[in-house]
Amino acid sequence: MQFTSAIVENAVDALSGFPGIGRRTALRLVMHLMNRPEAEVVRLADAVLKLKTELQLCSICGNVSDSGLCTVCANPMRNQKQICVVEDFSDQMAIEATSQYGGVYHVLGGLISPMDGVGPEELNISTLISRAAQEGTDEIIMAFSATVEGDTTMFYLARKLRDMPVKITCISRGISVGGEIEYADEITLGRSLANRTEYKV
Amino acid sequence: MHLQRLQLFSFKNHTEAHFAFCSQLNCITGPNGSGKTNVLDAVYYLANAKSYFNPADSQIMQHGSSFFSVHGWFADGDKEDEILATFTDKGKKTLKKNDKTYNRLADHIGMIQTVFITPYDISLVLEGSEERRRFMDFTLCQTNREYLEVLSTYKRILEHRNSFLKKMEGRNPDPDIMDSYDSRLVPAANRIFGWRQDFISEFQPWFQEYYGWLCQTTETVALDYESELITEAYSDILRRNLDRDRVLQRTSSGIHKDDLVFSLQGQPLKKFGSQGQIKSFVIALKLAQYRYFLEKTGHKPILLLDDIFEKIDALRAGKLMELVARDFFGQIIITDTHAERVKNHLKSLDTEQVFFELGG
Ligand SMILES: Nc1ncnc2c1ncn2[C@@H]1O[C@H](COP(=O)(O)OP(=O)(O)OP(=O)(O)O)[C@@H](O)[C@H]1O
Ligand SMILES: [Mg+2]
Ligand SMILES: [Zn+2]
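The listed protein sequences derive, respectively, from chains A and B.
Residues 1 to 201 (the numbering used here) make up the first sequence, in order.
Residues 1 to 360 (the numbering used here) make up the second sequence, in order.
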C-alpha cells in the first residue's frame, strides 16, 4: 500500500495485525474512523487507553475489575465456598452466562503451554493455592477447554491442591475433544457444570 | 468400490484431464514426464486428501495456476459417491463428499482404500525408521478410526512434553508437570503399541505368502516389530530416562521410536538383499497391505501400479499379474512407458481392460 499520509499509514499499521484484521480491513476501519464525529473518536481512544491505564485485576480472583475488586467477589450473595477456576475472563463470562453458577471465580490468565512459553510461573496460581487453603473453601471446580493445555493445567493444579481439605472437581468433558469453553453453548456448558465429577490424581 | 471417472484441473502437469475408468484393469501409457504417475497420485489424493509424494499442496498446483482440483466419482454396487478436493493459492483446502464439505479431513480417511506400488517404495527399506512407522500408521489408520485419534493425541502430548523440556533448558522439570504429560502419554502409547503388535502378527503371514509367490522361492523373509515397550513398561522407561530427556531436552523413548525390522534369510535386508530381492520385498509388503484392507473392511482397495514392469524381471512380473488377476483383486490402474509391453503382459488375462495414452 502506498500512502500519501504518514498519519493514515500509522493508523493502518496500528490496527492491522489485530486478530482477524489484515491491512485491507485496517484501511477500511481507518476510513470509517475518519468519517466519524471527533467526540466519538475521542471516546474510542479513551476507552482503549483505559484498558491499560485504569483497568485492574481483582486482588482476590484475578479477574478484570475497575477498582481492584471485581463485581463477583464484591457481591455478598455469591457463595465464597465454591471457586470455579477458568483460563481467562471470556471463559468466566461464558460460565456466568449459563446462570447455573452461584460461586466465585479464579482467573488463571492462561493455561500451561510450553510451546507458547507459558509455564505455571506465568499464571495466577499461587493466590489460588492460598485461597484453597483458606478456611471455608469447600470446592475447587476446574472449568478448562478439553485440550492438551487444559488437561495439563488440570492435572498440575490437582497435584498442587492434593493435600488441602477441599474437594476438587472438573466440569464434565461433554464438550467435544478440542472444544473451547467460550464457544460452547450455554445449555451444554450448564450441563457440564452440573455434571461435574471429582477429579483425583 | 471403484473409481468410474476422474477429472483433474491444474493438477501438476495436467491442466485439464478426464478419465473414464473401467472397474477392472486400466492402463495408462506414455513417455517419461507425460504425467502417468501424477494420475495415480490424483487417485491417491482423493482417498487420502493428500499426495503420496508432495507433503505440501502448493507443490501440486500447476506452476502459474492459482488453484487445483481433483474430482472423482466412485461406485460401490448401486451406491455412487462424488469426492471433490480443491486447493487455492490462499492455502485453502476443501474436501467434499456429495457436495457436503468435511469439517475435518480426518473424517474422510478410511472411506476409500488405495494401495500404491511405486518405484519410490524402496525408501521403506533404505531410509530411516520413520518411513516404516509411517507405513504401519497408514495401514492402521485406514481400518481403525481410534488409531488415528489416539496417535494424534500421543503426538500432541509429546510435542508439549518436548517443548516443556526445552523450556527448562536442562534444569530439573517440575515433577507435577512431567507426571501430567506422562499420565496421558503412557496410556496412549500402550494402545498404539498393542495395535501395532496385533497388526504385525496378522500381517506377517500374508506378507510371507506373497513374497514366496512372487519370487517362487523358499527363502524366509520376516518383519520384526521393534519397540522398547516390548521388554519394559513405558511408565518405567520414562522414569528411567528422565535424566537423559532433561539433558537432551526431548523425549528419547516411546512408540515414536518404534521400527519394523526387515530380514531375509535371517539377515538384515538392507545390507544383504539384492536389488531385485528388495524390490520384491516391498511389493510383497504392499500386496499384504492390500490383503489387510480387504480382510478388515470387506472391500477391495484400488490398486495403483506405477511402472511395475520397469522394476522387476519378466518372471516376477508374470507372477504378479497372475496374482493380481486372480479374482480377489478389484480395480487396478497401471502405468508404463511402453504400450506394447503392458499389452503383452496383460493379453492372457481374462479381465476388462481399458487403455489410455498420454501425450509427451
Ligand atoms: N506443480 C507442477 N506443475 C507443473 N508440472 C508439474 C508439477 N509437478 C510436477 N510436474 C511435472 O509433471 C511431470 C512428471 O509427471 P509424472 O511423474 O507423472 O510423469 P510420468 O509419466 O510418470 O513419467 P515417468 O515415465 O518418467 O515416470 C514432470 O515433467 C514435472 O515437471
Ligand atoms: Mg512415473
Ligand atoms: Zn474477583
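No lab work stands behind these hints: they were computed from the structure.
A few of these clues could be false.
As the list claims (entries may be wrong) - Listed next, the stretches of chain A that the computed footprint assigns to chain B, with coverage defined by at least 3 CB atoms under 8 Å from CB atoms of chain B:
| id | stretch |
| --- | --- |
| 1 | 34-47 |
| 2 | 108-116 |
| 3 | 155-161 |
As the list claims (entries may be wrong) - Subject to a maximum C-alpha distance of 30 Å in a straight line, what follows is the list of computed BS3-like cross-link-like pairs (lysine-lysine):
| id | chain 1 | residue 1 | chain 2 | residue 2 |
| --- | --- | --- | --- | --- |
| 4 | B | K257 | B | K97 |
| 5 | A | K200 | B | K155 |
| 6 | B | K300 | B | K93 |
| 7 | B | K319 | B | K271 |
| 8 | B | K155 | B | K319 |
| 9 | B | K296 | A | K200 |
| 10 | B | K319 | B | K343 |
| 11 | B | K167 | A | K200 |
| 12 | B | K50 | B | K79 |
| 13 | B | K79 | B | K271 |
| 14 | B | K167 | A | K160 |
| 15 | B | K300 | B | K96 |
| 16 | B | K296 | B | K271 |
| 17 | A | K160 | B | K155 |
| 18 | B | K257 | B | K155 |
| 19 | A | K160 | A | K81 |
| 20 | A | K160 | B | K166 |
| 21 | B | K166 | B | K97 |
All values reported here derive from a predicted model rather than from experimental measurement.
The beta-carbon is built from N, C-alpha and C at its ideal position, and this holds for glycine as well.
Do the hints match the structure? See the list:
For the stretch 34-47 of chain A, the proposed coverage by chain B is not satisfied: 0 residues have a C-beta within less than 8 Å of a C-beta in that chain, short of the threshold of three. Requiring three or more residues with a Cβ within less than 8 Å of a Cβ of chain B, the coverage given for the stretch 108-116 of chain A holds, as 4 such residues are present. Beta-carbon proximity to chain B at under 8 Å applies to 4 residues in the stretch 155-161 of chain A; the threshold of 3 is reached and the given coverage holds. Between K257 of chain B and K97 of chain B the alpha-carbon distance is near 36 Å, which puts this suggested pair outside the 30 Å criterion.
The straight-line distance between the Cα atoms of K200 of chain A and K155 of chain B is roughly 25 Å, inside the 30 Å bound, and the hint therefore holds. Of the supplied pair hints, the one linking K300 of chain B and K93 of chain B holds, its CA atoms being roughly 28 Å apart against a limit of 30 Å. Taking the CA atoms of K319 of chain B and K271 of chain B, the gap is about 26 Å. The hint holds against a cut of 30 Å. Between K155 of chain B and K319 of chain B the alpha-carbon distance is near 41 Å, which puts this suggested pair outside the 30 Å criterion.
Taken as a hint, the K296 of chain B and K200 of chain A pair is broken in the structure, with Cα atoms around 39 Å apart against an allowance of 30 Å. Our distance criterion of 30 Å between C-alpha atoms is met by K319 of chain B and K343 of chain B, whose separation comes to about 16 Å. For the hint pairing K167 of chain B with K200 of chain A, the CA-to-CA distance comes to about 27 Å; that is within 30 Å, so the pair holds. Simply put, K50 of chain B and K79 of chain B have alpha-carbon atoms about 24 Å apart, close enough for the 30 Å limit, and the pair holds.
For the proposed pair K79 of chain B and K271 of chain B, the alpha carbon gap of about 48 Å is over 30 Å, so the pair is violated. With a CA separation close to 21 Å, the supplied pair K167 of chain B and K160 of chain A stays within the 30 Å bound. Of the pairs offered as hints, the one joining K300 of chain B and K96 of chain B holds, with about 23 Å between alpha carbons and a cut-off of 30 Å not exceeded. A distance of roughly 33 Å separates the Cα atoms of K296 of chain B and K271 of chain B; the hinted pair therefore is violated under the 30 Å criterion.
About 26 Å separates the Cα atoms of K160 of chain A and K155 of chain B, which keeps this hinted pair within 30 Å; it holds. With a C-alpha separation of about 12 Å, the suggested pairing of K257 of chain B with K155 of chain B holds against the 30 Å cut-off. With a C-alpha separation of about 19 Å, the suggested pairing of K160 of chain A with K81 of chain A holds against the 30 Å cut-off. Among the hinted pairs, K160 of chain A with K166 of chain B is consistent with the structure: their alpha-carbon atoms are about 23 Å apart, no more than 30 Å.
A C-alpha spacing of about 42 Å is found between K166 of chain B and K97 of chain B, which places the hinted pair above 30 Å, so the restraint is violated.
The structure fails hints 1, 4, 8, 9, 13, 16 and 21 (numbered hints given earlier, in ascending order).
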